[in-house]
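As you go down the protein sequences, you meet chains A and B in turn.
Counting from 55, one number per residue, gives the positions in the first sequence under our numbering.
Counting from 593, one number per residue, gives the positions in the second sequence under our numbering.
These are calculated hints, taken from the structure and not from any lab test.
One or more hints might be untrue.
Unchecked claim - Derived contacts from chain B toward chain A, CB cut-off under 10 Å, selection only:
#	residue
1	607
2	610
3	628
4	644
5	648
6	806
7	811
8	1001
9	1004
10	1006
Claimed, not checked - List of simulated lysine to aspartate or glutamate pairs, DMTMM-like, C-alpha gap at most 25 Å:
#	chain 1	residue 1	chain 2	residue 2
11	A	231	B	958
12	B	826	A	243
13	A	231	B	825
14	B	1044	B	990
Remember, predicted model here, so these are calculated numbers, not experimental data.
Think of the CB as a built atom: it goes at the ideal place given N, C-alpha and C, for glycine as much as any other residue.
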Amino acid sequence: MSSPVLDLPRAADPAGNPASYPAVDPDEYIAALMRWHFTASTGSPFWLRRARSLEFDPIADVRTFADLRLFPNVVDEFRDVPVEDLIPRGLTGEDRVIAGVYESGGTTGSPKRFVMFDRWMEFALGWDEFHYAALGPANVLAVAPSGPHMFGAFAARRARRHDGVRFTVDLDPRWIKRLIERDGPGAADLYAEHIIDQAAHILTTQAVGILITTPPLLERMARRDDLVALIRKNVRFICWSGAHMDADSREIFQTEVFPGIPLKGLYGSTTILGMSRERPGEGLDGLALFDSPSPYIAFRVVDPATGDDVNLGERGQVVMNHLTKYALIPNNLERDHALAVEPPPGWLGCSVADVGPVATFDDHAVIEGVY
Amino acid sequence: MAEFLHIDALGPTGPYRSRNRRPLTSLAGTPIGEISQVPSLYVRRTIAAMRAAPVLAGAQRLDALDAAAELFATAPLGGLGPDEYVRLVSTASGVPRAVVRQSVDWIVDVLRSQRTTVELAMPRGAVGDWRDERTRAGSAVWARRGEVFAVHAAGNTPAVHGLWPEALALGYKVVVRPSTREPYTALRLVEALRQAGFPPATLTLLPTDHDVADVIIAEADYAIVYGGQDVVDKYSAIPTVLTQGPGRSKILVTADVDWREKIDIIADSVSHLGGTACTCASAVLVEGDPEPLARALAERLGRIPSLPADHPDATLTVAPTASVVEVDQYLHKVAGDARPLLGGDTIVDELPSGGAVLRPAVHLVDSSGAAQLGVELPFPCVWVGPWQSADGIAPLRDSLVLTAMTTRAELIDALLDEPSIINLYLGDNPTTWLRPGIPHDGYLGEVLMRTKGMIRTAVGPAAA
Chain A
55 MSSPVLDLPR AADPAGNPAS YPAVDPDEYI AALMRWHFTA STGSPFWLRR ARSLEFDPIA
115 DVRTFADLRL FPNVVDEFRD VPVEDLIPRG LTGEDRVIAG VYESGGTTGS PKRFVMFDRW
175 MEFALGWDEF HYAALGPANV LAVAPSGPHM FGAFAARRAR RHDGVRFTVD LDPRWIKRLI
235 ERDGPGAADL YAEHIIDQAA HILTTQAVGI LITTPPLLER MARRDDLVAL IRKNVRFICW
295 SGAHMDADSR EIFQTEVFPG IPLKGLYGST TILGMSRERP GEGLDGLALF DSPSPYIAFR
355 VVDPATGDDV NLGERGQVVM NHLTKYALIP NNLERDHALA VEPPPGWLGC SVADVGPVAT
415 FDDHAVIEGV Y
Chain B
593 MAEFLHIDAL GPTGPYRSRN RRPLTSLAGT PIGEISQVPS LYVRRTIAAM RAAPVLAGAQ
653 RLDALDAAAE LFATAPLGGL GPDEYVRLVS TASGVPRAVV RQSVDWIVDV LRSQRTTVEL
713 AMPRGAVGDW RDERTRAGSA VWARRGEVFA VHAAGNTPAV HGLWPEALAL GYKVVVRPST
773 REPYTALRLV EALRQAGFPP ATLTLLPTDH DVADVIIAEA DYAIVYGGQD VVDKYSAIPT
833 VLTQGPGRSK ILVTADVDWR EKIDIIADSV SHLGGTACTC ASAVLVEGDP EPLARALAER
893 LGRIPSLPAD HPDATLTVAP TASVVEVDQY LHKVAGDARP LLGGDTIVDE LPSGGAVLRP
953 AVHLVDSSGA AQLGVELPFP CVWVGPWQSA DGIAPLRDSL VLTAMTTRAE LIDALLDEPS
1013 IINLYLGDNP TTWLRPGIPH DGYLGEVLMR TKGMIRTAVG PAAA
């Protein structure tokens, strides 16, 4: 039996006001979520089976957001589990409509698979709707991974919301990884330029209002004067995701390369079946701040050595939680590092900024030679 | 140095200060300023703008190089007069003041000599300008293979900036990525060249971290990269990257020569520029017993005083104590069974003014095949070993400079034929001898230029 607290808000404010979602009591939400996923009539075969080898009773012992730390990180098990086992039995009707199966990773080891439900996907897509509120009809060009990746599917739905079509090019990150392993970074260059050439053809011949891509590809577009001119002329919104954008690059994009075109980031992952949105306003020292759709997705930032939360304003490793009746993916330590940022009031976990790979500094190993 | 220093990028449209900056510190660890670390987006846009910029005409380039020599030597640049600049490099990066001055003189000489250097490097069958009369009858024209040349500089001695001006003379646009440890010389030289007439879009300064430095190298047509063996290994397979790594320069003294007369030249070869140049000798091979030579060398090098880098008589490099200790530990590790005659206890000599001097080290090895003979470290560190003619030239391979103190013409022929010996000096010449116009690692023109055949009749400008 589903508790109403687990139901997604029905009518998001069409104007996309970011504060329009109803506040829920966090402890009540977590308790209802545990009952849903660990009751035989509503939980998924995966979690009902997995519960037997947990060293705690999720329903009795997990009562707060902090208690989610009891869970082991199970995402590695998503590499092998049949996707049917991930479907909560309690989902029915509209809730049970599957949008697709998406994969994360696959560049190292075999991919992990996640089931995306239509109802959830529409909600997740609407999470940063307010950024697009004034755009009106527009076609979308997604220069981003498609195939089994969530990124491309979201772009298609974005186009539909703007009564437009989605143009896309094939981009296979797993093949790029193989190429780099075999032939070095030059091979990736060649591939990236091949992608940009295809994007250029679409930008030249079609009316593209929304450009969705990754920072490295946007950077490659930025060095072609003809593409910059086309984007400035036609594109009314640029959405980036899938990689780090430092404050300096963001400023150069905003002030020099694409002045006047909104440039908004999404930080997400297939392992949370969604993303966090860029907070409107100035950001932090030029960096985009990302707010997750709490309580459905919530971040923590932890000290990699201890697993404890870092203080706000400090860097650490990102822990992601997907907490809906559609899926439970708790306590997943991601590779990314980020700055922990004060979340909006009442939010679970924290917001993040400056997401990127682990910062490395020059080591002091002595290397022979005079330079 | 009361003022807080800002080393910013000098881009095609002006200076650029990034939010991402790294601290610049004195040898004692005191913060003295910050250096911008530009993102790859800035690099790509800069190099695209450089490609779009016109090339300065040949005569103007050479005039500008002459003028830059004057400015570099005497003018206040980037807010620093020439003496202030020398003091800053010595106090901030530990390069002895005298070494900075020698390096400045060297760079000035290089800038002034580009007219002749370019002439010397050009094949005799070629003309430098297609308008030359010789193309009417048919001749080669010397032409650029690319347009953008990147420099990934090092901070051990300002003299590293003596190579790349040749690329400007040849008409390349140059992007310099300065050393984070010593960015001051790169900044001063770029400022001088710009004031002398090189437009900003033909010469830029882009301080970056190591990852973005790779983007500079990838975006440029050709690059010169200074670094250790790791850097050489990383780039050696890329034909458009010239690596300046360990020089492993050596001296050979055969039995027909009395080394006692040469000991000053040998000691100079080891300690010149504080032992920080890739031309400094790191191995000496002696036909006969090497020990007396090694002892005499240890005695000479042992006399060099430990002084703060900004002392007028200082010749030894100063570095943060922790890093000198690391070098010392590494030396002990690689020395293994070699017999220390100097510096075997420690090379670390801490200074009250901050940092530590890297004292010279002399070790004796027992065979010409000893692995230590190939170890080059960034201070006067020399390995002395025996050699006999039966050993052949194998122990002398892989040398940027080999000074052969010998009268045996057949040996000299064999050394000249050995491809891994880059420069061969004979007799009373230290390995550190350099003159503008004499190649250091070939002429840059050998890599950056090619000949193109041309024959012409009366087409083109009527005046030509």
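Evaluated hints:
1. For residue 607/B, the interface hint is violated, since its Cβ never comes within 10 Å of a Cβ in chain A; the closest pair sits about 14 Å apart.
2. Among the interface hints, the one on residue 610/B holds; its C-beta lies about 4 Å from the nearest C-beta in chain A, closer than the 10 Å criterion.
3. Residue-level restraint check for residue 628/B holds (minimum Cβ-Cβ distance to chain A is 9 Å; threshold 10 Å).
4. Using the Cβ-Cβ criterion of 10 Å, the hint placing residue 644/B at the interface with chain A is satisfied: the shortest such distance is roughly 8 Å.
5. Of the supplied interface hints, the one on residue 648/B is violated, with its beta-carbon coming no nearer than about 22 Å to a beta-carbon of chain A, more than 10 Å.
6. Because the beta carbon of residue 806/B sits about 7 Å from the nearest beta carbon in chain A, less than 10 Å, this interface hint is met.
7. Interface hint at residue 811/B: satisfied, since its Cβ lies 8 Å from the closest Cβ of chain A, which is below the 10 Å cut-off.
8. A hinted interface residue such as residue 1001/B counts as satisfied when its beta carbon comes closer than 10 Å to some beta carbon of chain A; here the least separation is about 32 Å, so the hint is violated.
9. With a cut of 10 Å, the hint placing residue 1004/B at the interface with chain A is violated, because the nearest CB-to-CB distance is about 27 Å.
10. At its closest, the beta carbon of residue 1006/B sits 27 Å from a beta carbon of chain A; the interface hint therefore is violated under the 10 Å criterion.
11. For the suggested pair residue 231/A and residue 958/B, the alpha carbons sit about 49 Å apart, so the restraint of at most 25 Å is broken.
12. At most 25 Å may separate the alpha-carbon atoms for a hinted pair to count; residue 826/B and residue 243/A meet this at roughly 17 Å.
13. Straight-line distance between C-alpha atoms of residue 231/A and residue 825/B comes to about 22 Å, which keeps the hinted pair within the 25 Å bound.
14. Taken as a hint, the residue 1044/B and residue 990/B pair is broken in the structure, with Cα atoms around 33 Å apart against an allowance of 25 Å.
Comparing the model with each numbered hint stated earlier shows that hints 1, 5, 8, 9, 10, 11 and 14 do not hold.
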